[in-house]
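Visitor: Quick note, the sequences are listed as chains A and B, same order.
One point on numbering: in our numbering, the residue at position 20 of the first sequence is 49, and numbering is uninterrupted.
One point on numbering: in our numbering, the residue at position 196 of the second sequence is 1510, and numbering is uninterrupted.
These are computed hints drawn from the structure, not numbers from a lab.
There may be inaccurate statements among the hints.
[Stated by the list, open to error] Cβ-to-Cβ under 10 Å is the rule here; a few derived chain A residues that face chain B:
1. Lys84
2. Lys96
3. Lys159
4. Met167
5. Ala176
[Claimed, not checked] Footprint (simulated), chain A over chain B, 3 or more residues, beta carbon under 8 Å:
6. 1428-1441
7. 1671-1677
Glycine residues also receive a C-beta, built at the ideal position from the N, C-alpha and C atoms.
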Amino acid sequence: MAGARTARVRPRLSPFMIGVRSDALVKMARFPSEEWTKLYAEKLNANKSYEDAGKNWEGAITFVVQKDSALDKDAFIYLDLYHGKCRDAKFSLTESDLPTPEYKYAGPYGNWRKLINKEIDPIQGLLTGKFKLQGSMMKIMRFTKAAKEMVNTTASVQTES
Amino acid sequence: MWFFRSPQVVFGDEALSYLSSLPIRRAAIITDRYLLGTELPERVRGALPEGAESLVVGDVSAEPPLSEMTAHLEKVRGFSPDWFVAVGGGSSIDTAKILFALHERPDLTVYDITPLVQLGLRTKSRLIAVPTTSGTGSECTWAAVLSEENEKRKHELASPEILPDYAILDPSLVVSLPPEQTRNTAADAIAHAVEAYGSTWHNPFSDAMAEKALELISENIEGVIRDPRGLGPRGQVHIGASMAGLSFSNSQIGLVHALGHSLGATFKLPHGKAVGLLLPYVVDFNYDACPERYDRLNMLIPPKYRGRRLSGSLRSLLGMMGVARTVRDAGVEEPAYASSMDALVTLASESTGMVTNPKDSGSEDLRNIFIKAFDGD
Ligand SMILES: [Fe+2]
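Just chain B, same shape as in the assembly:
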């Protein structure tokens, strides 16, 4: 027995206008500091049904720490929303998932958000995710990542009940995404599709999502980089990123994310940058555990980037996108890397990605991948 879980997905031109057809009376709009300074919160307010009241919680920071939640939660509780509308990247959407759960169940702490207990959410409110990046897939997943202050650790919270009710994929919301975020988030989405496809929990539903996601992203990302404001390619990559989210949410991530969370948390690298650079190294490591599956994925990458093996094709594709090829390229210095190696390995080994990666691995394997990734092969 297994499941395929998905929000209702609204996509394409003017998808944001769908908000007006929902029975929203009090919307808590959760967004980040950068977007707060743009016209986006107003656009979202304008798309709400007539007469709906709204509260903007606009100070979500990148990769938000636990301490931030208390302040957000106070604001939210004072407002009593009947809908949460997350507008932003993974950080805003993950924050909204957590606020939604804790608003529904004030007796819980974030650590109670686990898939092993029934939380009984949706007695007071619902959750909508409107992504403004194309990559984290958070709008389609039942996971939320939270940073831990004073510790270089990220918590992977999960519950099927924090899966958004709606994911609204409006390409007009991603056309102004800056080049670096475009690159990093697309790399993250590619990593989601590849990891989901190799996962020991893969299933026909997650496979279908992963295959189509890789196809859409790899065929359109060059067009996005060439013409960031072109709605066509942006829309395809945006849909591909959500499909990649659905793929890993319904199977699992693997070593790329185990290592990537550790590297990102230790050296404060953006998530997509960390997983993008690690992806080809992990694919090389995994290859002999799932050669047919990786060969099949390789055939989905456009011929101009396609090499003999998936790892080579990914290197070409990610290279064209401008993703760092090594940890050194990503700006990490060798002495700091070497002295953090034990901690990097320990942190990575504590990720749930360790158990669903196609190839079994131990601490030495993790260490070897980290060492290889520093300067490349």
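The following block holds chain A by itself, in its conformation from the complex:
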């Protein structure tokens, strides 16, 4: 297993690998990680377009980053979203450590990278099966603009490649 890890090119996930480069002017973080989650929540709270689009939204969502050839464990990013702000953001490798969200947006790590790089549209990603959504469709369909802003915000987090 250890040998397989060193052979990988893409960053692997470890709960102990907090990806902030102290020498860099801009904070960078590995995706997915606790640090990335914090940076993301900061960026989301600074995003006026998200605040506008999500001003009537109440409900938590968990981003489920599923393991694939470049990520060896599932990872979970829990976001408590309320009236255009992110009140709480938690990262874990164990889903049961996190509160139960109203929604889950799940996809393999490789697709998440494409989403962050804006190579996949978040809703087209759902319609083509690259991502899965759990939760009431009726409510979330009214907030597609907020969802788009949430994805746009991932691109503004300086993410290590």
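Keeping the supplied structure of chain A fixed, place chain B with the ligand upon it in accordance with the hints.
Guide: Chain B with the ligand alone, transformed into the frame defined by chain A:
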């Protein structure tokens, strides 16, 4: 990865007679109250294969509310159709899509009709759409709009599985369409083509449909208005409207429909009237996000209506058609409009059209377009 989805399209003179070649044994004919009083339901019955039984569900109302579905569904379930034949405008076709889905899957509610789950339809029946208006494009789309009682809201239901199996475009079914509906539905079709072309999800298939749709409609609509019973221009506009439906069904609508659904639901304006009047304002707003695409569309509008910019050309074309130029012209009074502004903006911002519009927009942008559209520039 993306898709191009389309029903089998049967078009031209006597297209309705194609029904007789389909293996229909029990047809549920879904139509509206107005058409029920015409000879059309009989014509459709007469076109069914010999020996086929039929049930007419003839009380679909305009922009139907959810509560109506329960009564329709009871009738349909008692009859057990093997084909649904929607005959009418968008309301009848959308109703048939919903009844078809719920007949197939009695365990579902309308809110389960989403593109994110496999519904597993077509185990008992199939769906045919026979439009009697040229505009909504519903015969070629996998969406259905449902009004919500007690709320000024419209639900945009969608699933690839509610796309009709067949769209039958018979021009003889639209020659008696009254002038106002002719105008409103054609304006809606033009809005579909323009929105699909500007959509952030546009693709070569949707582009081709949008371009040809705009060309067919803008070249022939004047002829239709001059001679409503002329089969030639009617047939071209009818095909153009379905192509416009295919264009937006395979890309997406944008702000015109986001704002139009909100305006229409709030002030009970017909859908085509609401989107037709808003279209040039949204095109002006969007222009700097997609100038080449809009310029290209502009070249497809006949020279007699063509201005320097697409919005100006659309104003000329829609003006010739008699479409209201402003919200005030559409009969909305200023105090009611002003007091509804926050609700209008909120409703519009909840539409999926917000995410595929070529230009990113927030609440203030929506408000500004609504304000501009009240009295014009
Ligand atoms: Fe429309």
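Visitor: Checking each numbered hint in turn, tell me which of them this model violates, lowest number first.
Guide: Checked against the structure, the only hint that fails is number 2, while the rest are satisfied.
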